[in-house]
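These protein sequences, in sequence, are chains S and P. Count the first sequence with our numbering and you get residues 2 to 304, in order. Count the second sequence with our numbering and you get residues 2 to 304, in order.
Keep in mind the hints are simulated off the structure, nothing from the lab. Treat the numbers as computed from the prediction; the structure is a model and nothing was measured. Mixed in with the good hints there might be a few duds.
Claimed, not checked - Listed below are several chain S residues computed to face chain P (Cβ distance under 10 Å; list not exhaustive):
#	residue
1	Ala71
2	Arg72
3	Ser73
4	Tyr80
5	Pro116
6	Ala120
7	Gln178
8	Pro209
9	Leu212
10	Pro218
11	Ala221
12	Leu225
13	Leu241
14	Met249
Said to hold, decoys possible - Computed spacing ranges between beta-carbons, pair by pair:
#	chain 1	residue 1	chain 2	residue 2	range
15	P	Leu137	S	Val180	28 to 34 Å
16	P	Glu187	S	Arg31	33 to 39 Å
17	S	Ala120	P	Glu264	30 to 36 Å
18	S	Gln280	P	Leu136	58 to 64 Å
19	P	Gly24	S	Ala119	51 to 57 Å
20	S	Thr229	P	Ser156	31 to 37 Å
Beta carbons are placed, not taken as given, at the ideal position from N, Cα and C, and that holds for glycine.
Number of protein chains: 2
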Amino acid sequence: MSGFIAVDWGTSSFRLWLINARGETTASSRGAEGMAQCQQTGFAPVLMTHLAKVNAPGDWPVLICGMAGARSGWAEVPYVPLPAPVSALAAGALRLAQGPVLGRDIRILPGVSNPDPAAPDVMRGEETQLLGLMLLGHQGLICMPGTHCKWASLSGTAITGFQSFMTGELFSLLANQSVLRFVMPEGGHVSPEDPDFLAALDQALADPAILSEALFPIRAAGLLGYSTPVAAQARLSGLLIGAEIARMAPKITGDGVTLLGQEGLGALYHAGLIRAGHQPRLADAETATKAGLLCAAKEIWSL
Amino acid sequence: MSGFIAVDWGTSSFRLWLINARGETTASSRGAEGMAQCQQTGFAPVLMTHLAKVNAPGDWPVLICGMAGARSGWAEVPYVPLPAPVSALAAGALRLAQGPVLGRDIRILPGVSNPDPAAPDVMRGEETQLLGLMLLGHQGLICMPGTHCKWASLSGTAITGFQSFMTGELFSLLANQSVLRFVMPEGGHVSPEDPDFLAALDQALADPAILSEALFPIRAAGLLGYSTPVAAQARLSGLLIGAEIARMAPKITGDGVTLLGQEGLGALYHAGLIRAGHQPRLADAETATKAGLLCAAKEIWSL
Numbered sequence: 002m003s004g005f006i007a008v009d010w011g012t013s014s015f016r017l018w019l020i021n022a023r024g025e026t027t028a029s030s031r032g033a034e035g036m037a038q039c040q041q042t043g044f045a046p047v048l049m050t051h052l053a054k055v056n057a058p059g060d061w062p063v064l065i066c067g068m069a070g071a072r073s074g075w076a077e078v079p080y081v082p083l084p085a086p087v088s089a090l091a092a093g094a095l096r097l098a099q100g101p102v103l104g105r106d107i108r109i110l111p112g113v114s115n116p117d118p119a120a121p122d123v124m125r126g127e128e129t130q131l132l133g134l135m136l137l138g139h140q141g142l143i144c145m146p147g148t149h150c151k152w153a154s155l156s157g158t159a160i161t162g163f164q165s166f167m168t169g170e171l172f173s174l175l176a177n178q179s180v181l182r183f184v185m186p187e188g189g190h191v192s193p194e195d196p197d198f199l200a201a202l203d204q205a206l207a208d209p210a211i212l213s214e215a216l217f218p219i220r221a222a223g224l225l226g227y228s229t230p231v232a233a234q235a236r237l238s239g240l241l242i243g244a245e246i247a248r249m250a251p252k253i254t255g256d257g258v259t260l261l262g263q264e265g266l267g268a269l270y271h272a273g274l275i276r277a278g279h280q281p282r283l284a285d286a287e288t289a290t291k292a293g294l295l296c297a298a299k300e301i302w303s304l
Numbered sequence: 002m003s004g005f006i007a008v009d010w011g012t013s014s015f016r017l018w019l020i021n022a023r024g025e026t027t028a029s030s031r032g033a034e035g036m037a038q039c040q041q042t043g044f045a046p047v048l049m050t051h052l053a054k055v056n057a058p059g060d061w062p063v064l065i066c067g068m069a070g071a072r073s074g075w076a077e078v079p080y081v082p083l084p085a086p087v088s089a090l091a092a093g094a095l096r097l098a099q100g101p102v103l104g105r106d107i108r109i110l111p112g113v114s115n116p117d118p119a120a121p122d123v124m125r126g127e128e129t130q131l132l133g134l135m136l137l138g139h140q141g142l143i144c145m146p147g148t149h150c151k152w153a154s155l156s157g158t159a160i161t162g163f164q165s166f167m168t169g170e171l172f173s174l175l176a177n178q179s180v181l182r183f184v185m186p187e188g189g190h191v192s193p194e195d196p197d198f199l200a201a202l203d204q205a206l207a208d209p210a211i212l213s214e215a216l217f218p219i220r221a222a223g224l225l226g227y228s229t230p231v232a233a234q235a236r237l238s239g240l241l242i243g244a245e246i247a248r249m250a251p252k253i254t255g256d257g258v259t260l261l262g263q264e265g266l267g268a269l270y271h272a273g274l275i276r277a278g279h280q281p282r283l284a285d286a287e288t289a290t291k292a293g294l295l296c297a298a299k300e301i302w303s304l
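Put together the whole structure using the sequences plus the hints.
Here you go:
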């Protein structure tokens with residue numbers, strides 16, 4: 002075979018790339034058929050549709066990372082426990098029995114778990130990005146903003162630790178479903194230069210335990226006419242991201258920190274890291290995903 | 002007149018008592034027609050139905066506390082700013098123009114606001130319970146568990162300060178709507194003796210900033226088979242309540258702390274206060290509400 006088909010199958014998105022043996026992307030396809038939707042409609046038909054769309058060579062195998070390997074995904078792939086070297090991730094990939102149906106060798110990469118009962122944690126998808134980052138030369142602490150932001154430690158060729166924060170989901174729940182929704186703007190995004198965002202960020206960086214008592218005043222400030230909806234949204238975001246970064250900043254060592262993704266949420270974490278006194282190295286999320294899938298594909302199929 | 006009609010009109014509940022001039026309750030009625038429902042159906046018909054149910058004497062006036070006085074309630078009653086003495090609350094009551102429709106003098110008590118732009122806060126309903134508590138001899142810090150738990154300071158005959166925490170609403174959002182819902186039991190209540198509740202409480206009391214990083218591991222512990230749904234629910238509750246009490250415990254002075262309500266959520270706060278080294282005085286919420294309404298009614302109508 003002269004290449005493989007790389008797939009990042011998340012909770013709410015599907016992305017596919019044809020990658021040749023030189024690591025070049027020759028075609029791609031993406032869709033909104035994430036795991037949540039495919040639980041209803043099936044996974045194989047979605048993959049077949051995208052394979053047809055890009056005229057995928059018939060002898061190329063498929064390597065999938067992300068939530069497709071979750072318990073409620075296409076097929077459950079057990080977590081690889083920490084510390085997780087590249088070789089363990091590749092070895093942990095599950096080959097689908099449905100392979101013949103699609104006429105291909107289809108494998109799903111495992112997630113990674115922290116089996117420490119005092120700090121249990123799991124990831125699915127990010128481990129592949131971390132593989133890619135290692136390949137691209139990143140070491141030390143990696144900040145991966147998202148619905149459940151992950152902070153992972155890379156050492157040599159292994160993922161040696163990680164922690165997940167629910168910051169993104171908390172923001173969404175509080176802004177859209179709590180009593181704070183009455184003082185939020187209709188949609189819109191927080192700007193990393195917003196002075197209310199930065200003030201809240203500083204406050205939570207200095208005193209992360211303030212979160213518990215600082216949320217209801219966002220509603221009260223709106224009721225009392227002290228605040229605008231845009232300011233309320235910025236303040237909520239700053240408090241949540243600041244409380245998170247305050248916990249992780251002390252763990253940034255001489256190796257520094259790499260920030261994966263600089264758009265949207267990534268820009269807010271960037272502002273937070275700067276505010277906490279750290280200048281992060283920057284990395285691109287899609288580049289990392291593709292590099293990680295290529296790295297694992299080389300291990301599995303000796304491309 | 003030889004008495005008055007006391008009403009506690011909250012977001013999701015309605016309670017009414019006939020109280021004579023000696024402060025005795027002679028009849029009562031309750032329903033689920035809270036403010037949220039009455040925004041659609043109207044407030045006057047609900048009040049009339051309950052008045053008829055208890056055969057309310059025609060010359061008794063009505064005194065209402067709670068969310069009926071909110072901007073989206075029956076009629077907006079402006080907040081009385083801190084410090085709020087009894088006299089200011091009574092003087093701030095709004096007499097409804099609709100009085101003649103129902104043939105009665107109907108008034109709604111105001112809420113209280115903290116106008117400090119650095120710590121804006123509001124309450125509606127709790128101020129009446131605080132009035133009652135003052136009358137019953139309570140002073141110092143008062144803990145009032147609820148969806149938005151309030152901690153208020155009483156000094157002499159005035160409310161001198163308060164802070165609101167979204168702990169109850171956060172618990173509900175996280176347990177029912179976040180990714181943690183997958184590891185929660187179907188309904189059920191957390192027991193204040195549950196060892197997982199107490200362990201999480203201790204952890205958050207010792208390090209309240211841990212909240213941000215301790216939530217996702219509840220999900221991970223379930224996925225990895227380290228935890229039961231009941232333990233996950235208990236842990237979530239302990240972390241949230243512990244993080245709140247950790248912020249307020251340092252503010253408990255020689256006057257001690259009074260806990261309003263010992264059932265359900267109140268029992269969890271009771272356990273938390275004990276764990277933080279404080280033995281709260283206990284007070285009953287309904288008794289406080291009725292005492293507060295009676296106190297204000299005496300000021301308004303010289304009963």
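Which earlier hints turn out false for this structure, listed by number in ascending order?
Checked against the structure, no hint fails, so every one of them is satisfied.
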